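> In case you want the letters, here they are:
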Amino acid sequence: MKKTVAEYHIDYLQILDPDGNVQGELPAFARYPHELINLYQRMTLTRVFDTKAINLQRTGKLGTYASSLGHEAAHVGMGSAMHEKDVFAPMYREYGAQFCRGVKMSDVLMYWGGDERGNNFAGPRQDFPWCVPIATQCLHAAGAAMAMKLRGEKRCAVASIGDGGTSEGAFYEALNLAGAQQLPVVFVVVNNKWAISVPLHLQTAAKTLAQKAIAAGIPGIQVDGNDVIAMRATMEAALERARNGGGPALVEAVTYRLSDHTTADDATRYRPQEEVDEAWKVEPLERTRSYLISIGSWDDGKEQALLADCARQVDEAVNEYLATDRMPVTAMFDHMYEELPEAMQDQRETAIRYDRSGGHH
Amino acid sequence: MKKTVAEYHIDYLQILDPDGNVQGELPAFARYPHELINLYQRMTLTRVFDTKAINLQRTGKLGTYASSLGHEAAHVGMGSAMHEKDVFAPMYREYGAQFCRGVKMSDVLMYWGGDERGNNFAGPRQDFPWCVPIATQCLHAAGAAMAMKLRGEKRCAVASIGDGGTSEGAFYEALNLAGAQQLPVVFVVVNNKWAISVPLHLQTAAKTLAQKAIAAGIPGIQVDGNDVIAMRATMEAALERARNGGGPALVEAVTYRLSDHTTADDATRYRPQEEVDEAWKVEPLERTRSYLISIGSWDDGKEQALLADCARQVDEAVNEYLATDRMPVTAMFDHMYEELPEAMQDQRETAIRYDRSGGHH
Amino acid sequence: MPGIALIEGVTMALAHELSHDESVVVLGEDVGVNGGVFRATAGLQQRFGKERVMDTPLAEGMIAGMSVGMAAQGMRPVAEMQFMGFIYPAVDQMISHAGRLRHRTRGRLSCPMVLRAPYGGGIHAPEHHSESTEALFAHIPGVRVVIPSSPARAYGLLLAAIRDPDPVVFLEPKRIYRLVKQEVEDDGVALPLDVCYILREGDDVTVVTWGAMTHETLKAASELESDGINCEVIDLATISPLDIETILESVEKTGRLVIVHEAARTCGVGAEIAAQVAEQALYDLEAPIQRVTGYDTVMPLFRLEMEYLPSVARIKDAVKVTLEE
Amino acid sequence: MPGIALIEGVTMALAHELSHDESVVVLGEDVGVNGGVFRATAGLQQRFGKERVMDTPLAEGMIAGMSVGMAAQGMRPVAEMQFMGFIYPAVDQMISHAGRLRHRTRGRLSCPMVLRAPYGGGIHAPEHHSESTEALFAHIPGVRVVIPSSPARAYGLLLAAIRDPDPVVFLEPKRIYRLVKQEVEDDGVALPLDVCYILREGDDVTVVTWGAMTHETLKAASELESDGINCEVIDLATISPLDIETILESVEKTGRLVIVHEAARTCGVGAEIAAQVAEQALYDLEAPIQRVTGYDTVMPLFRLEMEYLPSVARIKDAVKVTLEE
Ligand SMILES: Cc1ncc(C[n+]2csc(CCOP(=O)(O)OP(=O)(O)O)c2C)c(N)n1
Ligand SMILES: Cc1ncc(C[n+]2csc(CCOP(=O)(O)OP(=O)(O)O)c2C)c(N)n1
Ligand SMILES: [Mg+2]
Ligand SMILES: [Mg+2]
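Protein chains in written order, with the working numbering: chain A, 1 to 361; chain B, 1 to 361; chain C, 1 to 325; chain D, 1 to 325.
Hints should not be assumed to be uniformly reliable.
As the list claims (entries may be wrong) - A short, non-exhaustive set of chain B residues, derived as facing chain A with CB atoms under 7 Å:
1. Thr-4
2. Tyr-172
3. Glu-173
4. Ala-205
These are computed hints drawn from the structure, not numbers from a lab.
None of the values given here were measured: they were computed from a predicted structure.
Note that beta-carbon positions come from the ideal geometry of N, C-alpha and C, so glycine has one too.
Please model the complete structure; the sequences and the hints are all you need to start from.
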């Protein structure tokens, strides 16, 4: 005899539709225009920065760079919902979230410019650095959350990961651990539909990525990741719950990678332009601007001023980056261990001897 | 605005309840008493073998051994549903399934007796050997299924794994791959409630292990793993579906590990006796026997004859095992590669020179 | 016949085997429509279809594990790891299964798979994209490790690796993927595995190297020639098992040995070579062995990567040091 | 004071650190109520509670990764891998994160974690339970590898490993977990890392070894003594970074070197030692270096495992060979 022993469903949340119309009720924070303006400004800065970074790469002043174009609402929604004392374990393109937390634009440039100092955030001292090995960061967030839980702290950790990343075992292991130990951690799957050239349907047969939470016995929800209001509201709720002992959650932010995977990629090889064109119609900035205009909180003048301000900030960051000399060769040995083992002293001397910069950085 | 975008449920199937009463309708095969008798005989043989193997270990004639006590219905149900041409990727205690496939009892003894020849099944030549690194076998089954799919063969692969094993990333990776590629593979989670000393609730917050399938977008079902009829019926359906291009499935067999984890374990250290006593009340053999008796297909005489026959078969296997000399030292080098590389010839000679058996095995 | 680059040698070998052996399947992340992030599989899916050239979900352990499963079924999967820095989730399957499937089943099952990965530094790639950890795989019993250093060897050794009845980790020095072109005939002729290739004869010093470092080494050797120093340059090619005979013969002639690799020094493959020479040819050695290697540090981000990688200057000095004795 | 066994040294060190440093947490599979499958954590959960001594879900990569996360938060996780044969899913976290967190953040974050695992053969354990792959970890920059070979060193080195500000892989030779008992005071005094321990002085031959092989080696040394041969036996103890100075000093005295380890020979840690001695002390060597090691085969199932492991006879013969020159 068959009986049903468990039932689950996955919800999808959208508040600001692509045309900038509000669907349903606005969450509390979104009733204050200045809050929304703040989010819009952050998204805009992120996009202006992104354009500049790509230019830097194209002109040989930056290494490979992973664009965040199109992800601004998902990233800013997530970052703005976090408290300073929380800990973020990003992958490699969530600048929008990181800027909210105090990471500097020059840090991003340093990192993609081939300099470890980009990971030495002056801002969120406890945040994890960018994480290239896909999905491994989820375990770090879970581990940090475990530390918070053991110490009885009212903080939480956030890990973000891509749609492709959800195929890695480490992702599920982290989710499962978080569930088993009811850790204060929120996992955000930024589903931008592509993992380099691999479309979502080749990645998994799961209808939603939010339902991956069911495997771990934790709540999962799907959000319009181009809707900064839904994103922020969902994250705030999940984080608040996590900080207060309510356990982990998985948030799937449905968005789209409007750019190439990185500057080393050429998406026209594998992706139809029509799909990208369609995606531009639902991108995050315009709908936010439309809404702000519709409530009388934004206009062309403000937009121009904002763009000018963003350009200025970005230029400052670029200048700071370009003015930074490379580290001395000895930097390879610094911080390998708290104290360099005797056995490595020789090697350090060799490196100094063969310094190709001749000691000039 | 929130809307529900996906809904799932997990069913539980039981046909033969612990008292041997049929719940609901009997599947086709179970209407033939001789089929059920066959299953009962296999389960009994497995248990008689198990007792003997433990004795061998206790008397120093076998190495560490993993008992299958209590898992007989799950194992025999799974093994008996498979076709010969299918491929099985077991973990380390599914003797009941393997005997159905032609693995010999002496193979099991050889393996736990420290001799690789135990893995060289004369029977199912393409089955994978026992797999100790938890969850890795799930990927082998998926890979084998991929080979079958690419070749257009009407066969399928089966992997079994424990409740503890479902925490390993490799398990989810295999499930997800199977879903994405719609592979002819069935994963069986033998949930015996314990992973050595770790109870299920420390392993995961998931209410069922069957729901792990939802993460991969594949069907998942929970079965009374002590009910050989439900088990066999569920497996038959899943395998038939897989062989015919219907894609993968996950079957959770809910059972109980009545023994220690292995002979190297002492479960009284971490598990209350009451729990074990309760589990004995729902163990698989008795209910099957009760049912067979109730339909007039079994009696004490048959039981005694069966036990005697099992004992004889087991003794033969034990004798075969005990009579097998160890392999020569050169066996370490045989089969390392199809042909031993030149670089290793020296080492082989060293091994011969220092043969501690003095060449006598 | 126009010349082809090393990476094209890889593509040509894959295409050849896909054409001639239907048990060969190419799989990995982005190997399909995209033709691989380096384009090593460019055009293959278009030519051989989605079933023979398959984009997998993103999980290296899974790719290795499914390859083991396919290989056990008699297929010949050639799996790509996108970069060597992402190969580590596959270590478990390689050490626990690929390298021992034949042994533990007494030959009943085998594992004719190839795990390809671009490796090494020098192309200003992002973090984790410049790794050289061949030594980890060289320590795994039952697994061959092969590294080509020219278009012809890329073609010939990859053919051999795919046809080999046992698992092969095939590492491609991405820094020289497109460095030189060479005429290579698509004749399906494999090169032998398990042997070194002597790239340059000489009788003053033996220099053993592999991968991208062959080029730095050859440059050093030709510069040293003007100083009247004749280096014998040996490309290890098969990292494991090691063809020590060729190296010993050379050292017997030269009496001096320099080993160059970009991997970290400690427990690198250079140590094994040095150890074997010290064991088996101690009395041939007229000077201490020199190892010119990457440091025991993390491979730094690219602003410093050229400081990490052995340079022509370092190689030349090491050669000279051995001659000073 | 009654003697304790090596494994009890481990337990005592864990208990000591749990008592004295609240950032220390013990975690792993079955380390809780069960006290570990070898009982290394016996009684600890009962004494320190479920939050300090934690049974985790069954996933080694997860255990390593969460330890990195905890360590980055300033905790000192001491994680157990149930057997070294199951450590491979943790390799990725160790190489991609643990060993470089400090470096890549320029000291902003660090990773004071310990990954403990019983390792090695000789106890008739099932398949995959008798591995010795310390060389894989010795090749990982930023990660220390430590192996104790006595109860006192288990205690003192584990204290040091836990207190070390950087990640340590701590491998416990399970074959000698209970072999000898020794009086060890629970005084919280750590032993120094990064140095070898001279277990026996002698001036004929230097024998370097570690783990369970120290016992076979000491046995060989005492048997050789009756033949008038005096071995200096050195326990490497910290496998990486290597204390080569102590070894060089000894070889300077003896002129002869034998290295004994149970891991596979090729690219084992013995190769690194041999290489360094050949590089730095070539002229001290009066005979070729000998390595007595496991073979480059899979560790066989237990009927043959003693054939795989270096025996006293092999060690003695190797020593004698170096003296024949
Ligand atoms: C373990 C690992 N494997 C492979 C890669 C190479 N790689 C970098 S990004 C990427 C695709 C990631 O896709 P997704 O997770 O969807 O994130 P997105 O880049 O789309 O934001 C791959 C395969 C990697 N960085 N890490
Ligand atoms: C990768 C790995 N980690 C750890 C172990 C040690 N180990 C052997 S069995 C076991 C528990 C398995 O529990 P479960 O999956 O529930 O299967 P069961 O033994 O209960 O049938 C553990 C931890 C292993 N064999 N492989
Ligand atoms: Mg993506
Ligand atoms: Mg179990």
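> So, for every hint listed, does it hold in this structure?
Results of checking the hints against the structure:
1. Thr-4: holds, 5 Å
2. Tyr-172: Cβ of Tyr-172/B sits 4 Å from chain A, so the hint holds.
3. Glu-173: holds, 5 Å
4. Ala-205: Holds. Min distance 3 Å.
Going through the hint list in order, the structure satisfies each hint without exception.
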